[in-house]
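S.K.: If you read the protein sequences in the order shown, they are chains U and P. If you read the first sequence in the working numbering, its first letter stands for residue 1, the second for the next number, and so on. If you read the second sequence in the working numbering, its first letter stands for residue 513, the second for the next number, and so on.
Worth flagging that the hints you see were computed from the coordinates, not collected in a lab. Just to be clear, a hint being listed does not mean it is correct.
[What the hints assert, rightly or not] Output of the computed footprint for chain U on chain P, the stretches with three or more beta carbons under 8 Å from beta carbons of chain U:
# : stretch
1 : 596-608
2 : 918-924
3 : 948-955
4 : 959-970
5 : 1003-1017
All figures in this text were calculated on a predicted structure; none of them were measured in a lab. For glycine and all other residues, C-beta sits at the position ideal for the given N, C-alpha and C.
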Amino acid sequence: MNSLPVDLLLLSIATPLVAALAISLGMPLRLAKGLAAAAFAVPALIALFLWSRFAGETQHATYAFLSVYNTGLQAVGIHLSLGLNGISLPLFVLAGVVGLAAGLYAIQSNAERLKTYLVLLLVMQGGLMGVFASVDIFFFYFFHELALIPTFIMVGIWGGKDRNYAAMKMTIYLTLGAMLSLIGLIALYHKSGANSFDLIALRAALLEHGLKAAASKYIFGLLMFGFGILVSLWPFHTWAPLGYGAAPSSAAMLHAGVLKKFGLYGLVQIVLPLLPLGVAEWARPLALLAVVGNLLVIGFITIAQRDLKQMVGYSSVMHMGYAFLGIATFSVAGAGGVVLMMVAHGFSVALLFLLSTSIYHRTQTFDMTEMGGLAQKAPVMAAFFVAATMASIGLPGFANFWGELAIFVAAWQFSPLLTALSVTGVVISAIYGLRSAARVFFGPQTEAFAKVEATKPVTDLTCCEKLPALILIAALFFVGFWPRSISTQLNSAIEAIYHPSAAVQAPAATAK
Amino acid sequence: MPHLDLLKAAAESNHWMAILPELLLGSLALFLLVLELVLPKKQHDVIPAVAIIGQIGILLGLLLRLYPSFNGQYTFSGLLHHTSNGEFMRAFFLLSSTFVCVLGTIALAKQKMPRIEFFNIVLVVSAAMMLLAQSNNFILLFVALETVTVGFYILVSYFRTNPRSLEAGLKYLITGALSSGLLLFGIVLLYGVAGNPTLPGSTANSMDFTALHTFLAANPNNFLAAIGIVLVLSGVAFKIGAVPFQIWIPDVYQGAPTPVTAFLAVASKAAGFSILLILMGVFAPYNHLTVTVLSLMAMATILFGNLAALTQHNVKRLIGLSGVSHAGYLLIGVIAASVLPSNLAGQAVGAIYFYLFAYLLASFAVFGVMTHVAGGDDADQELEHYSELAKTHPFLGAVLAIGLGSLAGIPPLAGFMGKLLIFVAAFKAGLYTLLVVAIIGVVISIYYYFGWIKAAFFETWRAPLLEGETDPRPVRTPVGLAAGVMLASLAVATVVLGFYQGSLGVWLLNR
């Protein structure tokens, strides 16, 4: 079913892992840097190439580029099955592009023990490509964990303030979330009766005989909270700002930008189409948690932040509120909006983390009250930062706008009150976004910053910093001006699996 | 004359070739003693190498199937029943004792102790375990089990100049004697009940598992038999370290020489599970009773093991208590195997074996690192001794991280696949309460496993040494060739089995 001569999906997963192995076996630093750059570029190029080829491919159950490998566990229905559909394709591209940007930024960072750092990032990158290329939900989980473990280690070794505490807290929270999701996925596998973890087979089995309402309800609950913890659903979000605040920039870019989307992607791709009865049961509490908790409570907390990186961390928690709201609407527009928003948010939050670290290198502090006037010294950086902030607020012209718009439209039919409340979230993000830009870049220079500048003159972004930032901002603009490049495929995939005639029919009449 | 016929028939069932690996191992053990007598003292260093190479040779013979196969047959008048499970466990025990011997060479080098007896006893214990995994009769089971236990009494107190080691030996002796007593009492009760001619299905040969199973099936509600079963299970629970028979574990694990602790943690526990699996088949008519007992045990074991490990600073106690929790996860697999219908039970048993094998790889990786980090006082191995291990010994640091990660059940390592397979089996068996407890256990365990990794990897502030003060961390042994090969292959196998289970997975799960 795979029309390509080599399995590019497998190649995109294997290249970073093989490069990581090669670097850890020992090689000179220059060579390691070059190899790492190549290994980050290959998945990105493969992702873009597959994106361009996707429309012309023949699809099997919405999936193209399918290939299946046996790993020895076929007795319990586990195969390494790779493929892309309209929902996973944009995220696969996101993983490739953000991975490339994060990798390039790490290569130029001159971190201590750089080779180990690159090895861990490459492992993470391999896992990320695998998450979105997997059709088998076991491997979907497996690759997520593969990408998650390096994050903990990177926070612990290269992290900033409170890194030991942050690493421990992240590990325990995310393990709990991952274990709940794993149990939910095994429950889905078991109750479906398909004896296979393959998503296509699961869907076919569930189409034939739906799940009982009770089973659907508790599996959805498990997965909602399991994935929810991983995506920082309020009130299980406390690991996120702390962890991102402490994480080294490339790890934060990859985790907040891509890896965190794992849970949302799981909800959109697996949970919603397979467990419609569960959604009906849980939609209201989920929407309420998302709007009141993530959007409003965290929104106000974000406004109160003085630390730039903490602010970006909190803002990413806040924006997950839109995504959960879109999922709770359980509609084609809502789910499509969530995917668009995930892509857009991935690019913009990665760019913001990148820029905050670059700012830190110039001001020697993350405290926004000790900066000011940076725009005169570093106009290019200021332009990037303002653009990233605008994107994150969701102004038209940027990718985020389309995602949030679709979610609001879908949410209006779900609950006008919650929609109205969630639109105030845009105002909140405008307040903290613009205020942070003003504090950091405009206005008079603070005394503290002047002192720092006296010891170390401030320069604009270097070429090496500009390249990853350019990649990310180009992606934001591209999707912003031409959302159809994603949405056509996305729409057809979502309609194919959400449409009532194709979706799992599970009312009492058809349940066993 | 009929007596002679009987004896003849019995002799004909004595297929000595069926226990060729055990015989070879026993001969190897004796050969070591001969070498000690014959060789001049200077050349005694050769003897451990002979032990290791000999075991590898026997193991290769087993893996390449060079020995005559008796699969599915009963030999020695029904004392032994040769199964593919037994074959797997034979290889498992041989592999463990080989690793223990490698670790033994390192640990013994730090002590002024006689060397050769250590290897001799390890080989004998291993041979007894191999017989244990194929037993089909309570007599053989008890004799083999006592051989193992008596061997361990000596091994645990082997560092006889260290008071901790002696204390551990005494504790193991007392609790071990108690558990043997429980087991024996249970066996006697079952023997007596099954031999009662007034009951249906009574048998003259009630030590035999097949006959006992028939009797139990005919009397599914016999009170005395139920007591006997519970007592036998208690004796086995002592071996696997399940609550409430875990009481000996922390002290004995701490005091015993590190290689012996590894042997106890891996092989002795696995031996317990292999007889538990055999016995659960025999006791199948009493499933209503055994499943309840084991479920309660599993829950208590997982929670106790993990909670008690949380506060430990001594790594030997920590790994002992974490091993208690692993016994709990494995018990879930045993329960699933006895609850599931026979076509699915095979998968649950396969899951248990996969878990045990992953546990072997990860445990020996961790114990291997511990042996290198330990100083002259083998009982004194604190978490803080691991600080900056990743910096000074990156190889040991990496092996430790992989081993602990696998024990914690983190993908993509083998330990995760073991947990996954057990969880899938538990789901199929509908053991939801046990699953919830297992999840809680796994999340708690992350804290202490990660804490150990943290101690080795993350930099923490250390007080500068004052003049005349010595570094509290013992000197780390450089990694030799044999240990290096062993640790590297353990780490690689742990990673590879996490990604690709290949024919091992097919063999274990398609039954």
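S.K.: Run every hint past the structure and note whether it holds.
M.R.: Results of checking the hints against the structure:
Counting residues of the stretch 596-608 of chain P whose CB lies closer than 8 Å to any CB of chain U gives 0, which falls below the minimum of 3, so the coverage claim is violated. For the stretch 918-924 of chain P, the proposed coverage by chain U is satisfied: 3 residues have a C-beta within less than 8 Å of a C-beta in that chain, meeting the threshold of three. Beta-carbon proximity to chain U at under 8 Å applies to 3 residues in the stretch 948-955 of chain P; the threshold of 3 is reached and the given coverage holds. Check result for the stretch 959-970 of chain P against chain U: holds, 6 residues qualifying (beta carbon to beta carbon below 8 Å, three or more required).
Residues of the stretch 1003-1017 of chain P with a Cβ under 8 Å from some Cβ of chain U number 7, which satisfies the need for three, so the listed coverage holds.
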